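Protein chains: 2
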Amino acid sequence: MGKLTGSAMEAALAQALAAAKRGEVPVGAVITDASGALIAARGNEVEAKADPMAHAEILALQDASRQLTRKFLSDCTLTVTLEPCVMCAGAIAAFRVNKLVFGSYDPKSGAVEHGPRVFAQASTHHHPEVIGGVRDSECAALLRGFFERLRDA
Amino acid sequence: MGKLTGSAMEAALAQALAAAKRGEVPVGAVITDASGALIAARGNEVEAKADPMAHAEILALQDASRQLTRKFLSDCTLTVTLEPCVMCAGAIAAFRVNKLVFGSYDPKSGAVEHGPRVFAQASTHHHPEVIGGVRDSECAALLRGFFERLRDA
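Respectively, the protein sequence lines represent chains A and B.
Just so it is clear: in the first sequence, position 153 is 153 by our numbering, and no numbers are missing.
Throughout, our numbering is defined as the position within the second sequence, counted from one, plus 153.
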């Protein structure tokens with residue numbers, strides 16, 4: 001997909017915003033390679049696809065793997081606006097992602113710093129480098145705004 | 154897909170055996186509805202699809218959701234020959250599967266009775282009924298045989 005003009009988190013936020021405009025829970029994810037080039041960028045599509053697995057992370061991981069025509073993303077970074085859930089954390093390990101950068105912490109459904117803490121488990125056989133809380137307040141505001149509008153609708 | 158002739162675990166074992174013959178790690182999964190009718194039956198296709206997410210459970214869940222043209226499988230049972238990993242356990246929760254029946258326990262990568270114990274977490278918002286260890290020895294023998302043949306090859 002070529003060079004990023006801003007940061008990876010800006011690109012993920014743009015995907016989250018686009019998801020919100022489609023009526024999806026606003027989460028966005030991008031995959032970049034070791035050089036920082038953008039490989040995949042997706043937003044949540046659970047409603048559009050009527051598929052509970054169509055989280056931004058899963059769609060971006062599958063896109064990147066197809067794009068690079070290889071099974072593992074060992075030189076790639078996944079940047080996502082929200083702490084991944086248990087399914088997505090498992091997928092991140094399955095694709096052997098090198099580094100995970102996430103935005104807001106998710107005490108309710110997050111599975112990296114909360115709940116099952118997937119990458120702290122010996123039964124998870126791949127442990128990416130993890131950086132959480134990047135542009136936390138912006139990522140959280142996007143989600144909060146979405147749920148406030150839903151509640152007021 | 155119609156009526157099952159044997160038990161759901163027999164159908165899952167047949168899928169696992171077929172996967173082994175294709176050179177895949179022998180895991181099979183089937184989805185049945187509340188009446189016991191077979192909705193989906195898949196074996197592991199990680200190698201064939203070069204997709205680390207192509208576990209038998211994920212493929213069967215996606216097939217069943219498409220087949221029933223609905224997002225959630227709240228009246229369905231997933232029967233699988235091996236204790237699900239963390240990604241698959243997360244997907245089982247995401248699809249709101251009513252009941253999970255699994256064969257052999259997997260202390261190395263299992264995430265139901267081991268490691269993250271996904272369905273024991275408050276951050277997992279759906280908790281299926283779980284029955285583990287069904288025809289444990291047959292399911293385990295299939296896996297053991299596969300890895301022994303790999304080692305001896």
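Worth double-checking, as some hints may not be accurate.
[Stated by the list, open to error] SDA-like cross-link-like pairs, simulated, lysine to any residue; straight-line CA separation at most 25 Å:
1) K174(B) with E198(B)
2) K99(A) with K261(B)
3) K71(A) with E129(A)
4) K108(A) with E198(B)
5) K202(B) with V46(A)
[Stated by the list, open to error] Listed next, the stretches of chain A that the computed footprint assigns to chain B, with coverage defined by at least 3 CB atoms under 8 Å from CB atoms of chain B:
6) 7-20
7) 38-44
8) 78-85
9) 88-96
Hints listed in this document are in silico derivations from the structure and should not be mistaken for laboratory results.
Model, not experiment: these values are computed from the prediction.
Glycine residues also receive a C-beta, built at the ideal position from the N, C-alpha and C atoms.
Original post:
Going through the earlier hints one by one, which of them does the structure break, listed in rising order?
Top reply: 4, 6, 7, 8
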